[in-house]
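S.K.: All chains should be modelled from the sequences, with the hints used to inform the complete structure.
The residues making up each chain are set out below.
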Amino acid sequence: ADIKVGVAEALTGPAAKYGVAIKNGFTLAADGINAKGGVNGNKIALVVEDEQGKKEEAINVFKKLIFQEKVLLVFGPTLSNSAFAADPIANATKTVVFGTSNTADGITNMGPFTFRNSVMEADVLPVTTRAAVKKFNIKKVAVLYGNDDAFTKSGYDVFKSALADQKISVTDTETYAKGDVDFKAQLTKIKASNPDAIVCSCLAEEAANIILQTRSLGMKQPFIGGNGFNSPKLFEIAKDAADDTLMGSPWSIENTSATNKKFIADYKAKFGNEPDQFAAQAFDALNIVAEALKTVKLTGSIDKDRVALRNALPAIKFEGATGKFAFRRAAAKDGKEAGYDAQQEAIVNIAKGGKFILLK
Amino acid sequence: MFEQQLINALSLGSVYALFALGFTLVFGVLGVINLAHGAIFMLGSYVALLLVNQFQMSLWLAMLIAMLTCGVIGVIVDFLVLRPLRKRNAPHLAPMIATIGVAIMITNVAQGFFGAENKRFPFGTIPEESFTVGNLHLTAVQLAIVLISFALMVVLLIIMRRTQLGRALRAIAESPKAAYLLGINVEGLFLFTSFAAAALGGAAGVLVGLSFNAISPFMGQPMLHKGIAVIILGGMGDIRGALIGGLFLGFAEVMSVAYLSSDFRDAVAFGLLFVILLVRPSGMFGKILERKA
Amino acid sequence: MLEWWDGFWAIYSTVIFGIGINAMLALSIYLTLSCGLLSLANAAFMGIGAYAASMISMQTELAFPVALLAAGVAPALVALAVGIPTLRLSGVYLAMATLGFGEVVRVIVLNMEITGGPMGLNGIPLKTEWWHIVVILGITLFVLARLRRSKTGRAFEAIKEDEIAARLMGVNVAGYKLLAFVLGAVIAGVAGGLNAHYTFTIGPGNYAFENAVEILTMAVFGGTSNLIGPVLGSTILTLLPEVMRSLKDYRLAANGLILIIVILYLPKGIWDPAKIRALRRKFTSSKSEEVA
Amino acid sequence: MLQLQAISKNFGGLQVLQDVSFTMPEGSIFGLIGPNGAGKTTIVNLITGLLRPSSGEIRFNNQDLSVVEPHKITQLGIARTFQNIRIFKEMSLLENVVVGMHEHLNYSVGSMLFNLASFKNAEAKARERAHELLTWVRLDHKAHMLADNLSYGEQRKLEFARALATQPKLLLLDEPVAGMNPAEKTELMAEIKNIRQRGFSIFMIEHDMRFVMELCDRVAVLNFGKIIAEGTPDEVRANPDVIEAYLGKEDAA
Amino acid sequence: MSTILSIQNLSVSYGHIRAVKNIQLELNAGEITALVGANGAGKSTSLLAVSGLIKTNAGKILFEGEDLTTLSPHQIVQKGVVQVAEGRAILTTLTVQENLDLGAYTRKDKAQINKDLDYVFHLFPVLKNRASGLAGNLSGGEQQMLAIGRALMAKPKVLLLDEPSMGLAPLMVQEIFRVLKEINQTGLTILLVEQNVRQALKIAQRGYVLENGEIVLQDSGQNLLNNPRVIEAYLGA
Ligand SMILES: Nc1ncnc2c1ncn2[C@@H]1O[C@H](COP(=O)(O)OP(=O)(O)OP(=O)(O)O)[C@@H](O)[C@H]1O
Ligand SMILES: Nc1ncnc2c1ncn2[C@@H]1O[C@H](COP(=O)(O)OP(=O)(O)OP(=O)(O)O)[C@@H](O)[C@H]1O
Ligand SMILES: [Mg+2]
Ligand SMILES: [Mg+2]
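Residue numbers (my numbering), protein chains in the order written: chain F, 1 to 360; chain L, 1001 to 1293; chain B, 2001 to 2292; chain V, 3001 to 3253; chain A, 4001 to 4237.
Rather than coming from a laboratory, the hints here were simulated on the basis of the structure.
Relax, there's no trap hidden among the hints.
Listed below are several chain V residues computed to face chain A (Cβ distance under 8 Å; list not exhaustive):
#1 Asn3036
#2 Gly3153
#3 Glu3154
#4 Glu3175
#5 Gly3179
#6 Pro3182
#7 Glu3184
#8 Leu3247
Under 10 Å between C-beta atoms, here's a sample of chain B residues computed to sit facing chain L:
#9 Ser2090
#10 Leu2110
#11 Glu2210
#12 Leu2216
#13 Arg2251
#14 Ile2263
#15 Leu2264
Note that beta-carbon positions come from the ideal geometry of N, C-alpha and C, so glycine has one too.
M.R.: Given below as C-alpha cells:
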C-alpha cells in the first residue's frame, strides 16, 4: 500500500518562495524513492496542502492531514511561527511532525513527536564568525537584522552571543522590517561607525539588496551571514558585489559528494533552476524518513504505525545532500518531553566571482 | 553622515511620492481607495522585466509598454468593477473592498506566472555605479526617481489647477451629478483617470523595481501601506500632498533610523502621522471646509 | 452518525472556532461602522486582548474567565485613551489614524521582552472550548441586538447619517462615538483572548494591517446594515479558502474573484434587507398574479 | 428669553456679523430677514453652538450659551431646522422623529437589555408621539418609508416634525417654507400659529414676506452683518432702508 | 410657434413608487413654460428625466426631433438642454470662477465665453466680488445665483430651472424673474418649475399643472392665473 506523507507548506503568500522550494525537494525525493520501488515495496504518496504561512491555516491543514488524510507523518510547516501553532496538534495525536525549515528556539520543545533537520543557527553561526575573524582579521563589526521575523531575529540572538564570546566589539546594531527594500539609512549609519565587517541575519533576497546598497554607498566591508544567505538568489541579485561574503551551512552547492551532485543535477533537470538549502533539507528529510521506514513493519493501524515511525527515527544516521546527518535529542524544558534537533557539521563558504566556494 | 541621510531621505521620499501620485489621483477623482494600486504597481515592474528579459527590449520602450499595459488593466478594472458599482450607487466602502479582491487576484495570478521569488532586471539595464560627490553617493535610478516624481507632480498640478480638464476632474470628484449637468463626460473621465493612475503606478513599479532589485508578487503590499499613509498625510486626493507627504514619510523614516533607532522606524513614522492628523484632521493639504448648515 | 461527527469535528473544529472568532471581530467593526466610524484599530485591540489574556494564562495561576476579562478590559482602557483625541477625525482620516495606532502597537509589542518580540508567545495553554465561543458570541449578538432597538442604536445611526443634525437632536455625539469605539474594542479583545487559547501561539504579525483589512472585508462583504451581515460574511469568508482548497495554487485568485462578484451584485453585502424585501415582494406579487 | 449682545463673527478675514444685538421675548414669534448672505444662518449657527462668536454673548433664559456644547443646548430647549435640509436619509420617517426625542427617553441599560416594561413603555410612547407629529405635518402615511424617498418639500416638513420632537421651548426655523407653494405655506402658517398657542417661542428666518408679516410679532432686519431695523412687521415694512436693501418696491407696495 | 422640446408619454418610477405617470408636455421655442405642482408631485423627477439623470420607464423626450432618452447626460448638455437642478449642485470645493468656467465646459469659443461671463457678472455682481473664493462659502442665495449664472455660461437652447427663486430674498426674487424674462427675450426657451406660482405664471406664456405625477391642467399662463382650481390649490387665499 502507499505510504501517505503529509506536506504542509506555504505555497502561496510571501513565504511561498521557501515553501515552493521545499515542496520541490520533497517531490524530487519521493520520485527518487518510488523509482527504486519505494520503501519495502510501498510507494510514497505525498499529500500536499498549502498553509499560506498563517497560523490558523497551519492548524487547519495539520488537522486535515492527520484526521482526514490519515497521513503517517506531516512535514512542515514552513515558518517557525506556524510551527508553534500546528506542532502541538501533531504531538497531541502522536503523529510525527518533521520540520525542514523551522529554526527557531523551542520548536522541538513542543513534544517528543517533533523532529527537524533544519540546522539551528546556534550550530553554524559561531563557526562562521570564527572563520571570518581569522580570514579578515576582524576586530569590530556592525550588525543588521530583520527584527520582525522569528528566523532573522533568532539568528541575530545567536550572532550576538557568538560575537560576545569571541570578544568582537559591535560598532552598531540596526534592524529592518519585512518588505523593506531601502536599507540606506541603516547602512549610512553603519558606515559612519566604520566596522571591519557587517554581520547580517537576513534572508537571501534582502541580503543581496543590502549588499548592493552597501556597495553603492562606497563601502567595501565583507559580510558574514547565516543559513539565510545560502541560496542562488544571492548571486542572481547581487552577482559579484557579494564577493567576500562568508556563510556557514551544512549544505553547499559546491559540495562535491555524489549524493549532492546528483541531487543538484536532478533538481535542475526537473524544475529548471538551481536548488537552495530549503530544497536540499526537504530532500534529505524525506530520505531520512524513508530510511527509518525501512526498519519499521507497517501494521496498517495508523496509530501504531505513527508511533513506530517515531520510535525508529532517532536512531537513523544518514548521509545526504546536506552531508552527514544524525538526530540529537533536544533538552527537555518545563518537565515536558522534547523532540529531536539536527546534528550536522557546518561548512564555511566564501563568495567569489558570483558563487560560494568552500573557504579553505 | 547627515548629508548622506538627507539624500537617503529625499530618494526614499520620492519613491513614496511616486507611488502615491497615481494612488491619490484615483482617490481624488473617483473617491475610491484603490487597494489594487499596489498590485498594478507590481505588475508594471514584471511587464517591463519580461520585455527586457524575453525580447531584449530597451528599458525605456519596456517602461512605456508597461505603463500602457497597466493603464489598460486600470481601465479594465474600472470598467468591470468600479463602474458597475457606481451605477448601482454602492455604499462608499464597497469599491474599496472590491479592489481588495482585484489585488488578491492579480497577486495570486502573478505568483502563478512568475513564481514567488524576488527577481531583478538584468545587470547592465541601467548604469550600476553611483554618482559620488565627496563622501556622498546617489545612484542614477535614485536621481531619476527624484526628478521624475517632482516633474510628474508639477505636470499633474498644472493640469489639475490650470486646465479645463483639471477643473472637470475636480468637479467629478465633488459631485458626478453636478458634473453631468455641466455636460462633462463623467464616465469617460473616470476611465481616463483610471488609465492615467494605473499607468503612473506601472511607471513607479518599473522604477522601484530597477532601484531596489526586489521584484516580487508581493512588492506592492508594503508600498501600499506607505502609500495610504502618504496620501492621508498629504490630504486625500491632493497632488501636492502626495509629494510632500511622501517626502515627509521618507524623512521621518530615515531620520528616525539615523537619530533614534531603526527598531522604531515604522512606529515613529506612523506615530507622527497619528499626531499630524490630530493637529490637522484632513492632512497637510486637505481642505477643511464644512458649511455648518 | 456520531462517528462521522467526531471525525468531522476533529478536522474542522478549528475552522468552526475561526468562524465564531471572526464573527465577533466582524461584529466589533460593524459596531463602529454603525456609528459612522471607519476604525481599523480592531486588529490591534484583538492583539492587546490576546496578549493580555495569554500572559495571564502563562504567567499566573488565574482562571480562564479572568484572562478573558482582562482581554476585554485592557483594550477598552486603551480605546478610551486613544479614542478621546482621535474620534473627531472623520472617514478615511480616522481609518488612517487608527491604522497608525495599530502599527505603533505592533512595533511596541515587537520590541518588548515580555511579549516575546517577533517570536511572540508560544505554548499558550489550550483553554478555549466550543461553548465558550458560542456563549460569548451569543452574548455579543444579544447585546448588540438590544442596542440596535434602543435609543443608543438610533443615536449611532443618526450620527452615521449626519453628525451635526444628530448633535442638534440632543445626542452627545462624542460620547456615543467613544462608546461604540470602546465596546468594539472589548469585543475584539475578547475574541483575541479566545483565539489565542486555541492556536497555541500569538505573534505581533497576527494583528497587523492585513488583519485589520480582513476584518473590515468580512463585515462589508456580509453587509453592515444589521447583525446578520457580519456573521454571515465572516462565516463565508472563513469557509471559502477551505472550500476552495482543491483549486490549489489559484485558490486565492478564486477567493478574490468571488469577493468581487459578490460586491458587484450585492454592493451592500450579502445580507441586504432592502434587497431581500424587494425579492420577497417580487415573489409574492408574482404569486398573487398567478392566483388572479 | 433669548438675548444676543454685541455679537460679532469673522471667518478668517471676512467679517460676517458686527455687533448684532436683539432680545426676543418669551412666547413670541420673532422674524429675522435680510438679503442673501447677510449672516442670518450664521446667527442660528451661533445660537445652536455649531459656531462660536468672535465676540459678544448669547443668553438663553439668562444662561450664557457660548460655553455650552451643541447637544446640551438642544437639551436646554432650543431646536432648529436647517436651510439645506439635514434629515437622516437612510432612516425611516418615524425613526427620524424618534431620534429627536433622544433626551426624553429615560430608561436604564438593564431595562433596555432585558426589554423591561419601562423600556417598552418609553419606546411605545415615543413612537406614538412621533406618529402624532408626523400626522401634524401630514406625513403619517409615509411613516415607515425611508426619508430619502421624500420630495424636497416633504423633507422640510419632516425636519419640522423632528425639531418639535426635541420638545423645545424655542424653535429656530431657517427658511421653513422655501420650496413650498402658496397653498402649502398657508397650511404651515396655521400650524405654526398652532404651535405658538401651545407656548413655544419661535425664531424664524424667512424670505417670504407674506409669511413673515402675518406671523411675526417682531422683525429684525440684517444687512451686511448689521441690524438695520427692528420693530413690528408694519414698522419694518415701511422702513425705507429695508425697502432699499431687501424688499424692493413691489413687495412693499 | 415651433415645438423645440416635447415630452411624450413619459413615465418614471423609483423602485415601485411611480413618480411620473404618462405625461405629455411641449415647449415652444422662445417661450417660458411653467410647471407647477405640490411637493412631491413629480416636477423635479420630470426635469431629471429630461437631463438624462434618471432612467425613464416609458416615453420619449424629443429635442429638435431627436430622442434624448437614448443619450447620456453630457450629450444632452452638448445638445443645448441645460438644467439648474434642485439643491443647486454647486461645486463647493471649487472657486466661483471655476464653477463658471466649467459652465462653459462644452464650448470652445473663447471670446464669446468671456462676453457671457461679463454678462453673468453684470446680472449677479456678487459673483464677481467673490470670484476667487470657494463656492462652498457662499450663502444660500448667492449659491443660487451662481447656479443660474453657471447654466447661462453653457449658452443653452433650452434652460430647465428647478425652483430658482427658492431661498432668495424678495429683492433677489424680483431680480431673478427679471433676469429670466430678460434672457428669455434673447430667444432662450425656458422650462420653469416654481413654487412661486404667481410670479411664474405671470412671466410664462404657458403653464402645466402636475398632480401626483399626472398633468391635470394646461393652458396659457394668464388663464391659469385665473383658473379657480389653481387659485385654490396653489395661490393660497
Ligand atoms: N464657514 C464659512 N467660511 C467663510 N465664509 C462663510 C462661512 N459661512 C458663511 N460664510 C459667509 O458669511 C456670509 C453670511 O452667510 P449666511 O449663511 O449666514 O447668510 P444668510 O443670511 O443665511 O443668507 P441666505 O439668506 O442666502 O441663506 C456669507 O457671505 C457667506 O458666504
Ligand atoms: N430618490 C427617490 N427615491 C424614491 N422616491 C423618490 C425619490 N425622489 C423622489 N421620490 C418620490 O417621487 C415623488 C416625486 O418627487 P419629486 O422630487 O419629483 O417631487 P417635486 O414635484 O419636485 O416636489 P418638491 O416640490 O417637493 O420638490 C415624490 O413622491 C417622492 O417621494
Ligand atoms: Mg441662510
Ligand atoms: Mg422638486
